[in-house]
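> Given the sequences, and given the hints that come with them, work out the whole structure.
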Amino acid sequence: MAHSDPHSTNVGHETRDVYLRPVVGGLIGLVVLLCGSLLLTWGLLAHLATNEARESPRPNPLAHSFGRQVPPEPRLQTDPRKDLLQMRVEEDAVLQTYGWVDRKAGVTRIPIERAMELLAQRQAPTKVAR
520 MAHSDPHSTN VGHETRDVYL RPVVGGLIGL VVLLCGSLLL TWGLLAHLAT
570 NEARESPRPN PLAHSFGRQV PPEPRLQTDP RKDLLQMRVE EDAVLQTYGW
620 VDRKAGVTRI PIERAMELLA QRQAPTKVAR
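In terms of the numbering used here, the sequence shown opens at residue 520 and continues consecutively.
Honestly, I wouldn't trust all of these hints.
FRET-style restraints, in silico, Cβ to Cβ [said to hold, decoys possible]: (1) R540 to A568: 41 to 49 angstroms; (2) S584 to T616: 35 to 43 angstroms; (3) E592 to V620: 20 to 28 angstroms; (4) A612 to N570: 33 to 41 angstroms; (5) P541 to R577: 55 to 63 angstroms.
Hints were generated in silico from the structure; no laboratory data involved. Positions of the beta carbon are idealized from the N, C-alpha and C atoms, including for glycine.
Okay, here's the thing in structure tokens:
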């Protein structure tokens, strides 16, 4: 296979500068197009805003007399982290203290650590290890 050199031996340079007229004309055309688009968009938005103000329905006169009502539960959380921390504190208080579940029936709760100790003491192994 023959080896050919991809580079030309006649390396030269540009003998003239770039033509400025097409470059400047293109930039001027781009600026004119941009300004035209801006004006067209501004006019369209102004027209739509006046139509919206003219055609939007008036509020019901009774709405003002009822005032602002709070939506029913469950509502969105305003501070989920605070709510989660508060829930964990409440759960820990229930899981780590003694208290009544049903006083009339004589049902109480004990701390979870104590419950696990009692369960470990009372429960015999279910399988014999071999």
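> Return holds or violated for the Cβ distance of S584 and T616 against the range 35 to 43 angstroms.
Violated - the Cβ-Cβ distance for S584 and T616, about 50 angstroms, lies outside 35 to 43 angstroms.
> Do the beta carbons of E592 and V620 sit within 20 to 28 angstroms of each other?
Given about 25 angstroms between the Cβ atoms, the range holds.
> Okay, A612 versus N570 on CB: inside 33 to 41 angstroms?
violated (60 angstroms)
> For the range 41 to 49 angstroms, tell me whether the beta carbons of R540 and A568 fit it or not.
holds (42 angstroms)
> For the pair P541 and R577, does the Cβ-Cβ distance stay inside 55 to 63 angstroms?
holds (57 angstroms)
Comparing the model with each numbered hint stated earlier shows that hints 2, 4 do not hold.
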